[in-house]
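S.K.: Sequence:
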Amino acid sequence: MKSKILFKDESYNIIGAAMCVHSGLGIGFLEAVYQEALEKEFCFRNIPYKKEVKLPIYYKGELLSKNYFADFICYDKIIIELKVVSSISSEHKAQVINYLKATNFELGILINFGERKLIHERIIREHSR
121 MKSKILFKDE
131 SYNIIGAAMC
141 VHSGLGIGFL
151 EAVYQEALEK
161 EFCFRNIPYK
171 KEVKLPIYYK
181 GELLSKNYFA
191 DFICYDKIII
201 ELKVVSSISS
211 EHKAQVINYL
221 KATNFELGIL
231 INFGERKLIH
241 ERIIREHSR
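Just so you know, the sequence shown maps onto residues 121 to 249 in the working numbering.
Note that these hints are calculated values from the structure, not bench results. Computed from a prediction, not measured in an experiment: that's the story for all the values here. Note that the Cβ used here is the ideal one computed from N, Cα and C, for glycine as well. Please note that the accuracy of each hint is not assured.
Said to hold, decoys possible - Restraint ranges, calculated between C-beta atoms of paired labels, are given here: (1) Leu184 x Leu145: 33 to 43 Å; (2) Lys213 x Lys128: 12 to 22 Å; (3) Ser185 x Gly136: 31 to 41 Å; (4) Leu145 x Ser185: 30 to 40 Å; (5) Lys186 x Gly136: 27 to 37 Å; (6) Met139 x Ser185: 36 to 46 Å.
The task is simple: from the sequences and hints, build the whole structure.
M.R.: Below, the structure written as structure tokens:
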């Protein structure tokens, strides 16, 4: 039995846009350059997005003064986190997991422009039992 891929078409569009940016720019730029280029690519492809979205953090029901900032939220339901590193670490994945917890979104996509080949990972929020 095949399992259904969460937000398959939307993810495909987002990753395609990131691949286009990586192909066009290559490696070696700062994250802000990739973020700006990806924003332009989202516009070219009519991918709805919000940039640098403030995500509130709660502790025991109390709002904290510190916030997370997601690089992008696309389609009002997918968190996009960009990196420019030599390899993705567990800390990068944990950051996306925390964003998912803060928003109750189900899917985050971690994208790394810092390697020869674009690296992307879909991260799905685990539901509490």
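S.K.: Next, verify each hint and record whether it holds.
M.R.: We went through each hint and held it up to the structure:
| no. | hint | in the structure |
| --- | --- | --- |
| 1 | Leu184 x Leu145: 33 to 43 Å | holds, 36 Å |
| 2 | Lys213 x Lys128: 12 to 22 Å | holds, 21 Å |
| 3 | Ser185 x Gly136: 31 to 41 Å | holds, 38 Å |
| 4 | Leu145 x Ser185: 30 to 40 Å | holds, 36 Å |
| 5 | Lys186 x Gly136: 27 to 37 Å | holds, 34 Å |
| 6 | Met139 x Ser185: 36 to 46 Å | holds, 38 Å |
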